[in-house]
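Using the hints, position chain G against chain F.
There are 2 protein chains.
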Amino acid sequence: MRHLLHALAVAAFALTLPAHADPAKATPTPKELLAKSKSAEWRTPDPQNLLYMQLPQGRVLIELAPDFAPLHAANIRLLAHEHYYDGLAIVRVQDNFVTQWDDPAGDEEHVDTSKLRPLGSAATTLAPEYTRAWDPKLPWTALPDGDVYAPQVGFSEGFPAARNPADGQAWLAHCYGMVGVGRDIDPRSGNGSALYAVIGQAPRALDRNIALVGRVLQGMQYLSGIPRGTGPLGFYEKPEQRIVIQSVRLGSDLPTAQRAKIEVLRTDSATFAALVEAKRQRRDDFYTVPAGRLDLCGISAPVREVAAAEPAH
Amino acid sequence: MRHLLHALAVAAFALTLPAHADPAKATPTPKELLAKSKSAEWRTPDPQNLLYMQLPQGRVLIELAPDFAPLHAANIRLLAHEHYYDGLAIVRVQDNFVTQWDDPAGDEEHVDTSKLRPLGSAATTLAPEYTRAWDPKLPWTALPDGDVYAPQVGFSEGFPAARNPADGQAWLAHCYGMVGVGRDIDPRSGNGSALYAVIGQAPRALDRNIALVGRVLQGMQYLSGIPRGTGPLGFYEKPEQRIVIQSVRLGSDLPTAQRAKIEVLRTDSATFAALVEAKRQRRDDFYTVPAGRLDLCGISAPVREVAAAEPAH
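Order-wise, the sequence lines are chains F and G.
Just so we're aligned, residue 2 is where the first sequence starts under the numbering used here, counting upward by one.
Just so we're aligned, residue 2 is where the second sequence starts under the numbering used here, counting upward by one.
FYI, nobody ran anything at the bench for these hints, they're computed from the structure.
For clarity, every value in this text was computed on a predicted model and none was experimentally measured.
We put the beta carbon where it would ideally sit given N, CA and C, even for glycine.
Some hints here could point you the wrong way.
Said to hold, decoys possible - Per the computed footprint, the stretches of chain G lying under chain F, defined by three or more beta-carbons under 8 Å from a beta-carbon of chain F, are:
{"#": "1", "stretch": "33-44"}
{"#": "2", "stretch": "89-103"}
{"#": "3", "stretch": "146-155"}
{"#": "4", "stretch": "168-178"}
{"#": "5", "stretch": "216-227"}
{"#": "6", "stretch": "281-292"}
With the rest of the complex left out, here is chain F:
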């Protein structure tokens, strides 16, 4: 197989480098590091923070970030609890930007508001939650290599985030797989009925201009590996191109047996720190010129399936 990965590289014009990396000096692989991780380094996401979105192609699992967008997370929980999303659709896929799902009736050229699905108990407007005051009680794992957009970047509770010590604010960052709240011009118009996921190069200019509310843990390929819309902003031009959402359920509304058996590596764990270092200094048969650096969106918290506990007997 021609991999482009796990193979040796000798940089042109740098032929004084060894022709083969010394296996003794090879950085450990993610697989090796994860295999050595301890149980306590993994967390089980709170079922109240897990959205199960069923598409025809498969299931998308999203973890909400209530510490960064509490009002939006609560509203999305209400919408899911009342089955608001069932039958809505992916209406927009803009290449190298976002996939968005929404009430299709809201995406017609002339919106007939009487056709919009009512939001039930959920609020129709919310205060914007684009940044928050930093709370020292929040976990924070800094990345060491700086960032083009923010004074400090790192991870908090598994989410890529940024901080500005000058004003004490923190915010989630628009990395691949992050989920945000679509809105109109009015900054109070976002309510969680329209959501999007980042499917390309991190559009970091959106940071602090719109509310991020979570991250895709599984099933990202069902949001990214689908045809792009050919209308303006990547909207599908024909209703039949839209991908219908069969259901969205909150984990805590599902019977225990139907809940995903997954864990997320704690981003304040020693193993995550080792993953960061292995990625920064990656050197193996293929990578002989380590980047020595890692950008915020160049790594994400690993997710693993766990075997169901054996019943006692």
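Chain G only, in chain F's frame:
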């Protein structure tokens, strides 16, 4: 429509900002800037540098970068000229990483080399071209906001690139849509018969470890908006999942009438500089907190279709 774009944002906890951006202070849109551009700011890619890859879904147009990878560009031209790629396939789509096309016979678990398509006049091994010595004759448009991975970043001849003044080397950068040469462990094993395009967050750690050879100018959505492979590294597990390449032609081998009528904005033009500034300082009804910054892979050289010249009569 709920856009998440072109709408107003007021950052939470920053309510001293004006509730509505002053239209007089709104940054110009890319559309406005391009409409004012001058003809001389656009260039017509050399037909010898254009690959036309026909997939069942549509045409992918790739511009080669011979100033950064001359041996690889020449070999790929030969392969295209001799129709080597016709009937090969997209064999690998790894989410948030790359789409790769190749001789499917090379991706079986046990490669039967007698089944591999011969490379014809093209070389089977090439010296690696991962970096090059900087030549002051090359155009260079620096970006002002730094980079996590390289001392200097910017554009040269439309391609995102990096430079290291300390050793005088320069290299193309793995941004979205960049095309590279798949290879095995041996750094001389890349020859252009296997190519890949970046379809996710820029995997910058590949920079200087593998040869980049060009950029997708059109049709990127046919490489990104397709199902991910479920095998290791995103390889398709079943032959019928592969997407067959109908043909790859070099522009200079096509009759003039069949050549794409396209132009690429010069990255050393005043209009490109204005696009960079408008993106850095973006402020409009939606974006009220300008990033003030722009990363290398956050912008690319615009491509436009041009009307065919009217025949004189």
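Now for the hints, and whether the structure bears them out:
1. With 0 residues bearing a CB less than 8 Å from a CB of chain F, the stretch 33-44 of chain G misses the requirement of three and the coverage assertion fails.
2. Restraint check on the stretch 89-103 of chain G versus chain F: 6 residues with Cβ-Cβ distances below 8 Å, three needed, restraint holds.
3. Given as covered by chain F, the stretch 146-155 of chain G passes the check, having 5 residues with a CB less than 8 Å from a CB of that chain where 3 are the minimum.
4. With a threshold of 8 Å between beta carbons, the proposed coverage of the stretch 168-178 of chain G by chain F holds, since 4 of its residues qualify and at least three are required.
5. Coverage of the stretch 216-227 of chain G by chain F holds [criterion: at least 3 residues with CB-CB distance below 8 Å; count 5].
6. With 8 residues having a Cβ less than 8 Å from any Cβ of chain F, the stretch 281-292 of chain G passes the three-residue criterion, so the hint holds.
Hint 1 from the list above is the single one not met by this structure.
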